[in-house]
Every structure is written in structure tokens, then in C-alpha cells.
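Colleague: Each chain, letter by letter, is given below.
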Amino acid sequence: MEDLETVKFQPVIFADYSPGEAIRKAVGISRQDVLFELKESKIKGRGGAGFPTATKWMLTAAAKADKKYVVCNADEGEPGTFKDRFLLLEHPELVFDGMVVGGITVGAQKGFVYLRAEYEYMLKSLEDYLQQMKKDNLLGENILQSKYNFDIEIRLGSGAYVCGEETALIESLEGHRGEARNRPPYPVNTGFMGFPTTVNNVETFAAVSHIITKGGEWFRNYGTDKSTGIKLFSVSGDCEKPGVYELPWGTTISEILDLAGASNTKAVQVGGASGYCYPKTQFDRKLAYEDAGTGGSIMIFNESRSMLKILKNFMEFFVEESCGQCTPCRIGNAKLLDGIEKLEKGEYTFKYINQLIDLGRSMQVASKCGLGQTSPNSFISILENFREEIFAKSSGGRNVN
Amino acid sequence: MDVLEKNSITEEITGLIEQFGRDRSSLLPVLQGVQRKHQHISDFAQQEIARLLDIHPVEVYSVISFYSFLHSKPKGRNTIRLCKTIICDLLGKNEIEEALERELGIKFGETTNDKNITLEYANCLGMCDQGPALIVNERVYTKVTPQKVIEILNGIN
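Just so you know, the protein sequences line up as chains A and B, in that order.
Start counting the first sequence at 17; every next residue gets the next number (this note's numbering).
Start counting the second sequence at 38; every next residue gets the next number (this note's numbering).
Honestly, the hints are just simulated from the structure, not real lab data.
No residue lacks a Cβ here, since even glycine has one placed at the ideal position from N, Cα and C.
Any given hint might turn out to be false.
[As the list claims (entries may be wrong)] DSBU-like, lysine-lysine: derived pairs with alpha carbons at most 35 Å apart: (1) B/43 x A/325; (2) A/328 x B/112; (3) A/230 x A/325.
[Claimed, not checked] Label pairs and their in silico Cβ distance ranges: (4) B/84 x A/137: 30 to 36 Å; (5) B/153 x A/300: 49 to 55 Å; (6) A/139 x B/41: 43 to 49 Å; (7) A/40 x B/109: 24 to 30 Å.
Chain A on its own, in the form it takes in the complex:
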């Protein structure tokens, strides 16, 4: 693997931190104090959905059960996302310490890291790191001579994008097909093996380690009112400096383009294949949960790229990765891909294309899990924002209506 070409701008995730610091702090204060700092920070889930982390942990802590679990979602499968790869390789201490703090706070004794199969090459170094934590008494029984016990086990995925959805991930951990469950009930009540489980993104755990040591207020100084703190953005595509960027929420798309050295940019896909595609006229949009929300994937496309080709790649991805459990997603994605192939050949009517956009909107409300609810986003946003290009290239004069 090549050296990581990472650009660092804001000193938050990369702030000074000595391994084990957050655990030392957490064993010395009460669970309520940990939850208080998290609430003060107003941090929301870094996977993209943006659920308040403090609320998730409070619900798991409040649930009454013999066992509880903490799960780190390292199934980073969203096209264009690689910040978790960076964190796990360069800063495993932040991620694992955050998990231990989670275990102490919610009252869990066991944690799982669900690592995607594509990242198996990191397994050895991560397991070695966990062994070292055990030797340093940061993991295992009576952590730092406290009453807390917590252990972490790494489980590998086997190549299924849908397992990034938290209930599908839990199904997979239980040894089943990764098919999403109905929600509610939520994992905070009935998660792994029916026990209360908190599932958080790799980056969320890393941020928690800093919040616990430096305070919620310090974290809240960055970002916007509704999207506090900083975010790791995975920037790729047509630019001079692709890599992981640490920036405050509220940064605009054009600011990122400048930092990354992108020129002649036609479109920016925010949030991966399941996100939205923004044209030039919207590059002043802010990256934040309240505007252009994202798990951190920023894909840049310049004027030479065909939007139809990009869209086709996304839809082929969803057709393959749909678990097939619910009809809107299984059939819907295939129909949208059919539509793209017809557009390529110029065999379409505008009535048909509009029907497909309506189908996409139905999928957004009728699909069972996040996969089918978000897969039409790129289809709808590309067809709406790049109408002229798509219809000029593909019409061939054969369209009627």
C-alpha cells in the first residue's frame, strides 16, 4: 500500500492524545458525567445518518438486561469513503479507547468491531494492538484496577455493503444473512442476541475519546449549531490532492474543491453512491446535517466525465448490493438501471423517465432499510441537475412525447 497522503487542517481528531487517556478519565468519573460531556458536545453519528450519540448511549444505558454490547461499525462500504481505513490504520487508540468508554458508560462487557472483509489486511495489526491494550490493563478484567470489565473482539464481514446498516450488521454478527430488521424495536433495546446494543461508527468512537478528555464544550466550538465539531471527509476523484480532510461542519463544497486542488469541476457527489449529486450552481452548499449531510464521501467529477456513465456505475452497485429482502429495493433498483440503459441507447420517452423518478420517490419511502431508501438519491439528483447533458447526449432524436 502507498503512503497515506493525508491533509490535516483542524486539530481535533489529530489533537494531542496519549493512548488510554479517555479510559483513564472514564474510570474516574461517573457514567452520568460521561453522558453529560457527550450531550454537551452535541455530537451526532459519523456514519451519515446523524443520530445523536448521547441519546443512543443513554437509551442503551437505561435498558435493563443481563448483558449489553457495544459494536463498532467498521463496514465502511459506501463508495468514496475511506476515512475509517485511515483511523483504524493510523489511530486505532482513539477508536478502541472510545469503545471502552462506551462499554463503561452503557454497562456492556463485550464489544465487537465488525471489520469489512476488504480490510482484512489490517486485522493483524489491530489484533496486536488489542493484545497490547490487555497487557496495559486498558482492556479485560478490572480495567485500570476499576470495577469495569470490557473485552473487544474483531469479527470480519464477508463482502456485503448492506451490513453497514446496523440491524443487518447485527444479523451478520449472529451468523445470519445480512438482512435488515424492522425498526423499531431498535438495537438499543434488542440488538445482538436480543440484548441492548449500541452500534456506532468508527469515527464516532474516535471523536468520543477526544470529547471525554477535552470536554464537550471544546468540541462544540467547531462546526455549526446543528452540526457540531469537525468531520473527516474522504475526498477523491478529479482533483490534485485526494485524501482524508479534517474540516469543521459548515465548510462549503467549493471550499473543499479549493483545498483539494480541483479545477474544471462539473459535479460533486456528496455522501457516496447513496448521496446527492450537486451541480456548479450549488457549490455554495454547506456540508452539514442541516444542509448537505454526509458520512464524509466527496467525489469530484470534472467536465470530461459523463454523468450518465457515473450514474450507471452507481445503479449497478445498488442492484448487486440490494439484499433482495424487500420488493421496492430489489425490483426498484433493477428498474432504475433498466432506465439508464434505455437512456444510453436513446430509447425512452420523457413520460417513462418521469415514471422512474416517481418510482425512485416510492422506494425512498417504501424500502425497509437505508439501502433502498437512499439508493434513488443519485438517480433523482443526477437526472434533475444534469437534464440537459443527459438528454442531449442520449436522445438521438428518437424520444417521443
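Add chain B to chain A, keeping to what the hints say.
Modeller: Positioned in the frame of chain A, the structure of chain B alone reads:
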């Protein structure tokens, strides 16, 4: 499959189950363990896993068929998975695809005659900042060029 071979597979599966626990939640790690050694999970291995975990063999097959990295049919000793998601595609995936097919004399989805290498596609490998990317078994290669493909292939025994 002869009796000795069957016994050794049963022994292997028993070992994996001891390691991960005799529980349904151990199914994936057990399947991954069998596949790591044999590149696929044979019908016999599936039945043994089912028997030893006390679940129906269909359950085992159903799980294997769900995950793209698990196989019930034999594969090559090494698997090359080329990322075909958009950024790697824009960064020159096609050239890499052609180089691999040309050098190995097979198409994607196929295995070389000597059963050494299987070519497959993968969805986003999380290497978009360093594409085109591919993985050989579990090792990742980035910024792959047609020239580098030859070095990578030479490195596979």
C-alpha cells in the same frame, strides 16, 4: 472425497468451532476459516458445519450464498479482486482489467487452468484516493498500472 480427507475436514471444523464457540453466531468466522484454507466451502464441509452447530444445512448454504466473499464452488488458490466502483473506474480500471485478462488468458469470473488464480470484481475497496486498486487474497495494491500488474502476478506463487 475420500475418508481421510473427510476426517481431516471434520477435524478442522471441530477446531474452528472450539475456537469461536459452539454457537450460531460463530457461523461466519467458521465459514471464513474453512474458506481461507480451501478457497471454498464444499457440500461436505457445509453439512459438517451444520451438524456440529446443530442447524439445518440449508441455513449454512443460505448464508454462504448471501455473502460475495464466500463460495460453495471451488476457486483458484489465489483470488484477485479488482475494484470496479466509480473512482477506480475513472482512474483507469479498464486498462488494469485488460492487462489481467491478457496476462492470465482468462476473463473475469474465470479461474486459470492450473487452478492458481481466479479473477473477480469487487465493489469499492475504500482506496478511492489511491486508485485503481485491487486485492490479492487479502493484500491490497493501490495506484495499479498495467506494468505493476505483471509484477503483482509474478509475486503470486
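Colleague: Would you mind marking each hint as holding or not holding in the structure?
Modeller: To see whether the hints hold, each was checked on the structure:
1. This hinted pair does not check out: residue 43 of chain B and residue 325 of chain A have alpha carbons roughly 49 Å apart, beyond 35 Å.
2. With a C-alpha separation of about 29 Å, the suggested pair residue 328 of chain A and residue 112 of chain B falls inside the 35 Å cut-off, and the hint holds.
3. For the hint linking residue 230 of chain A to residue 325 of chain A, the alpha-carbon distance of about 46 Å lies beyond 35 Å, and the restraint is violated.
4. A C-beta distance of roughly 32 Å is found between residue 84 of chain B and residue 137 of chain A, which places it inside the suggested range of 30 to 36 Å.
5. For residue 153 of chain B and residue 300 of chain A, the Cβ-Cβ distance of about 54 Å falls inside the hinted range of 49 to 55 Å, so the restraint holds.
6. Restraint check, residue 139 of chain A to residue 41 of chain B: a C-beta distance of roughly 32 Å breaks the suggested window 43 to 49 Å.
7. The hint said 24 to 30 Å for the Cβ distance between residue 40 of chain A and residue 109 of chain B, and at roughly 49 Å that hint is violated.
Of the hints listed earlier, those the structure fails to meet are numbers 1, 3, 6 and 7, in rising order.
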